[in-house]
Amino acid sequence: MEGILRCSRYAFGPNRLHYCGPDKNSEIKAYINEGAKDAGLEHLISKFQTLYPYLSYIARTNNIRDPFDGRVVEAYWLGNGLLEKIDQKSFYRHLLEDHKIKHKMGGKSFSFVEDKIVKGAVPHHSFHVFNVWKRTGHDDREHTLESMDECRVSWGKVIEIDGPFITVLTEPLLYANKKLFIGTPTKRKLIRQLEAEYDIEQIKIGNLVSIHWGVICEVITDEQVLNLKKYTLRNLTLANQTL
1 MEGILRCSRY
11 AFGPNRLHYC
21 GPDKNSEIKA
31 YINEGAKDAG
41 LEHLISKFQT
51 LYPYLSYIAR
61 TNNIRDPFDG
71 RVVEAYWLGN
81 GLLEKIDQKS
91 FYRHLLEDHK
101 IKHKMGGKSF
111 SFVEDKIVKG
121 AVPHHSFHVF
131 NVWKRTGHDD
141 REHTLESMDE
151 CRVSWGKVIE
161 IDGPFITVLT
171 EPLLYANKKL
181 FIGTPTKRKL
191 IRQLEAEYDI
201 EQIKIGNLVS
211 IHWGVICEVI
221 TDEQVLNLKK
231 YTLRNLTLAN
241 QTL
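Our numbering applies: residue 1 is where the sequence shown begins, and numbers increase by one.
Each hint should be verified, as a subset may be incorrect.
Taking lysine to any residue and the SDA-like style, the derived pairs with C-alpha atoms no more than 20 angstroms apart in a straight line are [unchecked claim]:
#1 104 <-> 93
#2 189 <-> 169
#3 100 <-> 19
#4 157 <-> 190
#5 104 <-> 48
#6 189 <-> 179
#7 230 <-> 170
#8 108 <-> 132
#9 102 <-> 230
#10 229 <-> 71
Derived by calculation from the structure, the hints in this document are not laboratory data.
Make a model of the complete structure from these sequences and hints.
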């Protein structure tokens, strides 16, 4: 898929719940279902005040002109080698200046984030979910376990398809003994939210899929699952240091 359409699929979940981005959910969904892309869609996604700065930063750091380049989109949502080229000092400035994280979190909490940058934090979506304890979209509240589990991009294996219902085996985010961790695979029944031809033709039993705010975003490969797990677990480890 084109990078902008791929990114839109991940942005759709929180946007339909009015958590992030402009109130243009039906327009974004129409673009996805029709497989269409133009400057209008890029404008809509560029209004996501947490997502777009991260994409721009990853692209800029890797000398990629287009923030919606497929490699950049994949790096942010799933993870890939582009994240390993991030410079600690520039990442610090990005969070401080582009996201205003210190202002939103307060100096003491931001000092924890600074320490995590030194210990290997990178601009993967899960870093923001687990380590910036306040949601920074429209809903400026602290995350709960449930909202973190929905907000992170998770992975699952399709085990049943029944019309609009898709059942997956997925590993939930859990909390015990004052630590976050990924649990053992559990069945989860999801309603197909997108009606694009891509979804109808591609999703089959046995497929691996990515999930964001209850929306199946795309079919992914074994390698992409490994990358997603790798960066998710890295950022969980960092989060557990300051719980």
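A quick look at each hint next to the structure:
{"no.": "1", "hint": "104 <-> 93", "in the structure": "holds, 15 angstroms"}
{"no.": "2", "hint": "189 <-> 169", "in the structure": "holds, 9 angstroms"}
{"no.": "3", "hint": "100 <-> 19", "in the structure": "holds, 18 angstroms"}
{"no.": "4", "hint": "157 <-> 190", "in the structure": "holds, 12 angstroms"}
{"no.": "5", "hint": "104 <-> 48", "in the structure": "holds, 17 angstroms"}
{"no.": "6", "hint": "189 <-> 179", "in the structure": "violated, 26 angstroms"}
{"no.": "7", "hint": "230 <-> 170", "in the structure": "holds, 16 angstroms"}
{"no.": "8", "hint": "108 <-> 132", "in the structure": "holds, 12 angstroms"}
{"no.": "9", "hint": "102 <-> 230", "in the structure": "violated, 27 angstroms"}
{"no.": "10", "hint": "229 <-> 71", "in the structure": "holds, 18 angstroms"}
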